[in-house]
Amino acid sequence: MKKEGMIYRVAGPVVTAIGISPKMYDVVQVGAEKLMGEVIKIVGDHTIIQVYEDTSGVRPGEPVTNTGRPLVVELGPGLLSSVYDGIQRPLPVLQDQMGDFIFRGVSAPGLDRKKKWDFKPIVKKGDTVSAGQTIGTVLEGTMEHKIMVPPNMEGKVESIKEGGFNVEETIAVIGGNDVTMMQKWPVRAPRPVKEKLQPDIPLVTGQRVLDTMFPLAKGGAAAIPGGFGTGKTVTQQQLAKWSDAEIVVYIGCGERGNEMTEVLTEFPELEDPKTGNPLMNRTVLIANTSNMPVAAREASVYTGMTIAEYYRDMGYNVSLMADSTSRWAEAMREISSRLEEMPGEEGYPAYLAGRLSEFYERACRCTTLSDSEGSISVIGAVSPPGGDLSEPVTQNTLRIVRVFWALDTKLRERRHFPTINWLTSYSLYDKQLRAWYSSNVAEDFPALREWAMQLLQKESELQEIVQLVGSDALPDEQKITLEVSRMIREIFLQQNAYHPVDTYCPMQRQYVFMKLIKKYSDLAVKALAAGAQVSKIASIPAKQRFAMSKYETNIDEELEAVDKDFDKQFAELGV
Amino acid sequence: MSKVSKEYKTISEIAGPLVFVKKTEPISYQELVSVKLSDGTMKRGQVLDSSDDMVVVQVFEGTSGIDKDAGVRFLGETMKMPVSRDMLGRVLSGSGEPLDGGPAITPEKKLDIVGAAINPWARDNPADFIQTGISTIDGMNTLVRGQKLPIFSASGLPHNELAMQIARQAKVRGKDEDFAVVFVAMGITNEEKQMFMKEFERTGALKNAVVFLNLADDPAIERIVTPRLGLTTAEYMAFELDMQVLVIMTDLTNYCEALRQVGAAREEVPGRRGYPGYMYTDLAQLYERAGRIKGKRGSITQIPILSMPGDDITHPIPDLSGYITEGQIVMSRELHRGGIYPPVNVSSSLSRLMNAGVGDGKTREDHKAVSDQLYAAYAEGKDLRGLVAIVGKESLSEKDRRLLDFADLFEDRVVRQGSEEDRSIEDTLAVSWEILKSLTSDQLTRIDRKYQEKYLQS
Numbered sequence: 000m001k002k003e004g005m006i007y008r009v010a011g012p013v014v015t016a017i018g019i020s021p022k023m024y025d026v027v028q029v030g031a032e033k034l035m036g037e038v039i040k041i042v043g044d045h046t047i048i049q050v051y052e053d054t055s056g057v058r059p060g061e062p063v064t065n066t067g068r069p070l071v072v073e074l075g076p077g078l079l080s081s082v083y084d085g086i087q088r089p090l091p092v093l094q095d096q097m098g099d100f101i102f103r104g105v106s107a108p109g110l111d112r113k114k115k116w117d118f119k120p121i122v123k124k125g126d127t128v129s130a131g132q133t134i135g136t137v138l139e140g141t142m143e144h145k146i147m148v149p150p151n152m153e154g155k156v157e158s159i160k161e162g163g164f165n166v167e168e169t170i171a172v173i174g175g176n177d178v179t180m181m182q183k184w185p186v187r188a189p190r191p192v193k194e195k196l197q198p199d200i201p202l203v204t205g206q207r208v209l210d211t212m213f214p215l216a217k218g219g220a221a222a223i224p225g226g227f228g229t230g231k232t233v234t235q236q237q238l239a240k241w242s243d244a245e246i247v248v249y250i251g252c253g254e255r256g257n258e259m260t261e262v263l264t265e266f267p268e269l270e271d272p273k274t275g276n277p278l279m280n281r282t283v284l285i286a287n288t289s290n291m292p293v294a295a296r297e298a299s300v301y302t303g304m305t306i307a308e309y310y311r312d313m314g315y316n317v318s319l320m321a322d323s324t325s326r327w328a329e330a331m332r333e334i335s336s337r338l339e340e341m342p343g344e345e346g347y348p349a350y351l352a353g354r355l356s357e358f359y360e361r362a363c364r365c366t367t368l369s370d371s372e373g374s375i376s377v378i379g380a381v382s383p384p385g386g387d388l389s390e391p392v393t394q395n396t397l398r399i400v401r402v403f404w405a406l407d408t409k410l411r412e413r414r415h416f417p418t419i420n421w422l423t424s425y426s427l428y429d430k431q432l433r434a435w436y437s438s439n440v441a442e443d444f445p446a447l448r449e450w451a452m453q454l455l456q457k458e459s460e461l462q463e464i465v466q467l468v469g470s471d472a473l474p475d476e477q478k479i480t481l482e483v484s485r486m487i488r489e490i491f492l493q494q495n496a497y498h499p500v501d502t503y504c505p506m507q508r509q510y511v512f513m514k515l516i517k518k519y520s521d522l523a524v525k526a527l528a529a530g531a532q533v534s535k536i537a538s539i540p541a542k543q544r545f546a547m548s549k550y551e552t553n554i555d556e557e558l559e560a561v562d563k564d565f566d567k568q569f570a571e572l573g574v
Numbered sequence: 000m001s002k003v004s005k006e007y008k009t010i011s012e013i014a015g016p017l018v019f020v021k022k023t024e025p026i027s028y029q030e031l032v033s034v035k036l037s038d039g040t041m042k043r044g045q046v047l048d049s050s051d052d053m054v055v056v057q058v059f060e061g062t063s064g065i066d067k068d069a070g071v072r073f074l075g076e077t078m079k080m081p082v083s084r085d086m087l088g089r090v091l092s093g094s095g096e097p098l099d100g101g102p103a104i105t106p107e108k109k110l111d112i113v114g115a116a117i118n119p120w121a122r123d124n125p126a127d128f129i130q131t132g133i134s135t136i137d138g139m140n141t142l143v144r145g146q147k148l149p150i151f152s153a154s155g156l157p158h159n160e161l162a163m164q165i166a167r168q169a170k171v172r173g174k175d176e177d178f179a180v181v182f183v184a185m186g187i188t189n190e191e192k193q194m195f196m197k198e199f200e201r202t203g204a205l206k207n208a209v210v211f212l213n214l215a216d217d218p219a220i221e222r223i224v225t226p227r228l229g230l231t232t233a234e235y236m237a238f239e240l241d242m243q244v245l246v247i248m249t250d251l252t253n254y255c256e257a258l259r260q261v262g263a264a265r266e267e268v269p270g271r272r273g274y275p276g277y278m279y280t281d282l283a284q285l286y287e288r289a290g291r292i293k294g295k296r297g298s299i300t301q302i303p304i305l306s307m308p309g310d311d312i313t314h315p316i317p318d319l320s321g322y323i324t325e326g327q328i329v330m331s332r333e334l335h336r337g338g339i340y341p342p343v344n345v346s347s348s349l350s351r352l353m354n355a356g357v358g359d360g361k362t363r364e365d366h367k368a369v370s371d372q373l374y375a376a377y378a379e380g381k382d383l384r385g386l387v388a389i390v391g392k393e394s395l396s397e398k399d400r401r402l403l404d405f406a407d408l409f410e411d412r413v414v415r416q417g418s419e420e421d422r423s424i425e426d427t428l429a430v431s432w433e434i435l436k437s438l439t440s441d442q443l444t445r446i447d448r449k450y451q452e453k454y455l456q457s
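In the order they appear, the protein sequences are chains W and A.
Going by numbering that gives the first Met the number 0, the first sequence opens with residue 0, and the numbers climb by one from there.
Going by numbering that gives the first Met the number 0, the second sequence opens with residue 0, and the numbers climb by one from there.
No lab work stands behind these hints, which were simulated from the structure alone.
There may be inaccurate statements among the hints.
Label pairs and their in silico Cβ distance ranges [stated by the list, open to error]:
#1 Pro108/W to Glu333/A: 55 to 63 Å
#2 Asp216/A to Leu338/W: 30 to 38 Å
#3 Arg488/W to Glu452/A: 28 to 36 Å
In silico lysine-lysine, DSS-like type, Cα no more than 27 Å apart, as pairs [stated by the list, open to error]:
#4 Lys409/W to Lys398/A
#5 Lys79/A to Lys192/A
#6 Lys109/A to Lys79/A
#7 Lys535/W to Lys567/W
#8 Lys295/A to Lys361/A
#9 Lys40/W to Lys21/A
#10 Lys381/A to Lys398/A
#11 Lys160/W to Lys124/W
#12 Lys33/W to Lys109/A
#13 Lys409/W to Lys381/A
#14 Lys409/W to Lys206/A
#15 Lys33/W to Lys367/A
From the three backbone atoms N, C-alpha and C, an ideal C-beta is built for every residue, glycine too.
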């Protein structure tokens with residue numbers, strides 16, 4: 000294999016080299032400044048390279064070196080609480096090296112080479128280990144970081160050490176190979192798993208509208224459409240804080256610099272409600288803003304996904320948020336047009352759908368090589384141009400993901416939070432998750448959920464009539480329907496992310512909420528039959544108590560009291 | 000390598016703005032080029048594509064007069080902008096040459112015009128109010144330092160007049176800060192050029208401004224360079240001279256047309272409506288040069304102005320801009336026809352960073368509440384206009400009639416202002432409170448009672 004060649008042609012971020020014979024997607028160093036690039040096309044003895052940095056001033060004749068391996072991510076202790084660009088260069092390190100602006104030709108390793116980690120082995124010399132098996136642990140901040148045999152290695156442990164090492168020092172020799180705490184893995188290749196499992200456990204988020212109405216399974220994928228100001232940020236932060244995923248990977252892909260600044264300043268200040276530690280301790284942030292090189296933007300989602308897979312392999316549940324996948328698709332479009340490929344719909348390359356599904360397919364719940372269970376749940380934001388959901392990126396995404404959380408500006412204007420529209424959102428996991436809910440929450444939970452959904456649907460039909468003829472013209476039963484559905488919206492669906500009690504609602508309590516609303520509904524119908532007036536039924540004091548209970552610190556006792564009050568107060572109405 | 004290379008007489012092809020030169024020594028991408036015509040005229044250009052056997056040069060001033068015997072010289076460096084503090088008060092052409100008859104700029108520094116991306120880690124959150132003296136912007140769509148807030152206009156609307164007014168009136172308040180305006184006009188007519196130059200001088204606004212004027216008949220290529228010259232100047236003033244810089248760019252639509260024209264000349268595969276596929280990234284490279292940096296006093300704020308072709312807000316130019324910028328000010332043809340200047344349609348306008356710039360200590364404690372109330376009442380009043388057209392004013396309740404009148408009052412008193420009228424934020428809030436008096440207290444649902452008591456009386 001020839002490694003050294005030279006530049007033949009430069010045209011923007013696309014550079015043609017001669018004299019090297021690389022494999023597809025090999026990483027090459029271009030020019031005297033050693034700009035990083037990736038081989039994207041091979042034509043005869045010409046190699047077409049997409050360069051991750053600005054190519055102004057680069058000239059034909061300058062050297063090109065093939066590294067002989069594809070774009071890789073460094074995996075090992077030190078990833079958590081890092082802030083990277085799209086090709087895993089730590090942004091704080093880049094700032095130290097070259098100031099406030101990102102100039103080209105600077106490289107910085109993804110993992111700190113100096114820091115020592117305290118390695119504790121769990122296998123002994125002479126043991127036989129298989130690929131992906133855990134051989135020891137390191138405490139990374141507050142998380143237990145498992146050191147695993149690289150997926151392409153196995154054999155007998157010839158030696159293993161204990162103590163403080165950096166990520167490049169050998170900690171063990173397995174089957175004749177030196178093992179360090181750092182692994183390198185090509186970003187475009189999914190890391191192997193032993194077996195993919197059915198996504199039949201929900202990602203519990205403590206957000207009522209998500210958990211009960213539109214649940215995402217662990218290992219599933221969800222799409223959020225939404226520009227700025229629809230409440231996307233709050234929703235993402237609530238998921239990061241409260242979902243029962245141990246690791247959070249956030250990819251800011253091609254978004255506004257100022258928006259990224261908000262994430263970068265706010266995330267480190269968020270507190271992990273479960274431990275009281277900073278949330279950053281279990282978070283990896285990737286920031287590649289819209290004016291940073293487009294090729295690195297294209298790579299950023301893969302970088303994030305590979306990091307997520309690494310933690311999944313340790314047996315953790317990971318949630319990965321990509322904001323926004325539309326910008327990623329645009330990066331593909333841009334590179335494709337530079338390559339003069341035949342465009343598909345709206346100028347996007349014909350392989351858009353393929354790339355999107357490959358990416359979302361990397362979300363899964365699985366048995367890892369080390370026989371533990373891990374998962375990656377993906378939440379991808381899409382930003383449809385002109386708000387038009389029929390455009391190719393949104394459509395191709397919706398064809399793959401099974402959950403759609405429709406953020407709604409109108410709800411935000413009405414101060415209904417979270418702004419997830421209950422009529423247009425959907426989750427196709429509800430059937431698969433039914434068994435889990437029945438055995439872990441309550442037998443009748445799925446039935447209650449269906450009842451509530453139907454009622455909300457009914458409400459929207461009735462609202463149309465009300466707008467024409469006014470609510471007074473409705474029969475009494477329908478007035479009760481409206482009353483109950485309003486309770487579902489205001490008491491159940493609305494949730495205040497900033498209120499210390501209301502911000503998180505455990506599954507069991509969500510069930511109690513639903514059951515109480517159902518109880519009210521049933522009693523109201525009986526009361527009506529017994530001759531009570533609708534206005535009396537609607538204004539029983541227990542209802543108000545119920546509405547306020549979600550802000551009380553002794554909420555569970557309050558809900559029990561509401562239950563008793565319902566019995567008493569409806570008895571007064573003749574039930 | 001800064002040595003000037005030898006002269007080549009090997010032009011093999013001339014097409015549109017492009018010149019193909021054969022058999023050169025290695026030439027770097029984006030290197031500057033000078034072309035000497037047979038009559039001695041010099042033209043400048045830039046390398047677009049460089050390979051072993053052929054170099055493609057894009058000529059800034061157009062290729063007319065170039066023949067195959069023209070001499071091509073490669074200058075050995077990429078495009079740089081000479082910058083200096085003395086640029087304040089100067090009027091320059093779209094390629095940076097003096098237009099005001101003054102001397103050439105004596106550079107304190109030469110900077111690459113493409114500029115580098117600000118490290119997201121180094122960015123600081125936008126904050127602090129910039130007063131434009133326009134009520135609809137200051138009061139309801141507040142501009143904040145480090146923000147990019149475009150004005151979406153359309154042909155036939157007075158956006159250039161508004162641009163001029165903002166350039167004249169904009170200021171940062173209170174503290175002892177240096178403030179400067181960089182005014183970048185792209186593809187303007189000669190008439191507009193005269194207007195801008197006269198206005199800048201007449202009003203004295205020029206002393207705090209650097210003006211770049213690229214004319215409609217200047218070559219398209221130059222138009223692509225002009226905003227980069229302006230932004231490079233702005234970066235120098237903001238991050239090296241600690242100034243608060245406001246960059247006003249008009250008209251971005253002309254810029255995008257130029258981008259499309261050049262793309263077509265290069266025979267690139269077109270994207271939506273013939274605009275290049277990289278237009279999002281290209282625009283981002285302009286807009287994202289706005290911002291603040293931790294530990295630096297200066298800031299760059301942008302007001303790009305663009306005219307929506309066919310008044311269509313989903314056209315790629317406003318659409319892509321909207322995804323990068325932090326909000327938009329939308330101009331309305333209806334208001335303009337109604338004789339209201341500036342015809343800002345507040346209902347569809349939005350400043351996403353407003354909250355970072357208003358409130359106690361920044362503008363005034365009641366600012367946010369007043370703005371919310373104006374929005375809500377105006378929206379209700381506008382809805383009622385539709386109803387009145389069907390059922391007549393008589394059938395409205397007393398309450399609704401007040402709202403209906405409020406909408407008219409709002410357009411007449413708050414939106415409408417003279418093109419010479421510079422309203423401070425206090426003036427804007429005062430006029431707002433005055434028209435809010437026409438509503439009853441229970442209609443002021445968005446304003447805390449304590450503010451009502453404090454400001455409604457006075």
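Going down the list of hints, with the structure as the test:
1. For Pro108/W paired with Glu333/A, a C-beta distance near 58 Å keeps the hint of 55 to 63 Å intact.
2. Taken as a hint, the range 30 to 38 Å holds for the pair Asp216/A and Leu338/W, whose Cβ atoms sit roughly 35 Å apart.
3. Taking the beta carbon of each, Arg488/W and Glu452/A are about 34 Å apart, inside 28 to 36 Å as hinted.
4. A distance of roughly 24 Å separates the Cα atoms of Lys409/W and Lys398/A; the hinted pair therefore holds under the 27 Å criterion.
5. For the hint linking Lys79/A to Lys192/A, the alpha-carbon distance of about 25 Å falls within 27 Å, and the restraint holds.
6. Distance hint between Lys109/A and Lys79/A is fulfilled; the C-alpha atoms sit about 6 Å from each other, no more than 27 Å.
7. At most 27 Å may separate the alpha-carbon atoms for a hinted pair to count; Lys535/W and Lys567/W meet this at roughly 14 Å.
8. Distance restraint check for Lys295/A and Lys361/A: the Cα-Cα separation of roughly 19 Å lies within the 27 Å cut-off, and the hinted pair is therefore satisfied.
9. Distance hint between Lys40/W and Lys21/A is fulfilled; the C-alpha atoms sit about 26 Å from each other, no more than 27 Å.
10. Straight-line distance between C-alpha atoms of Lys381/A and Lys398/A comes to about 14 Å, which keeps the hinted pair within the 27 Å bound.
11. A threshold of 27 Å between alpha carbons decides the hint, and for Lys160/W with Lys124/W the separation of about 9 Å falls inside it, so the pair holds.
12. Between the alpha carbons of Lys33/W and Lys109/A the distance comes to roughly 25 Å, so the proposed pair stays at or under 27 Å and holds.
13. Simply put, Lys409/W and Lys381/A have alpha-carbon atoms about 17 Å apart, close enough for the 27 Å limit, and the pair holds.
14. Taking the CA atoms of Lys409/W and Lys206/A, the gap is about 46 Å. The hint is violated against a cut of 27 Å.
15. Under the criterion of a C-alpha separation no larger than 27 Å, the hint pairing Lys33/W with Lys367/A is inconsistent with the structure, at around 51 Å.
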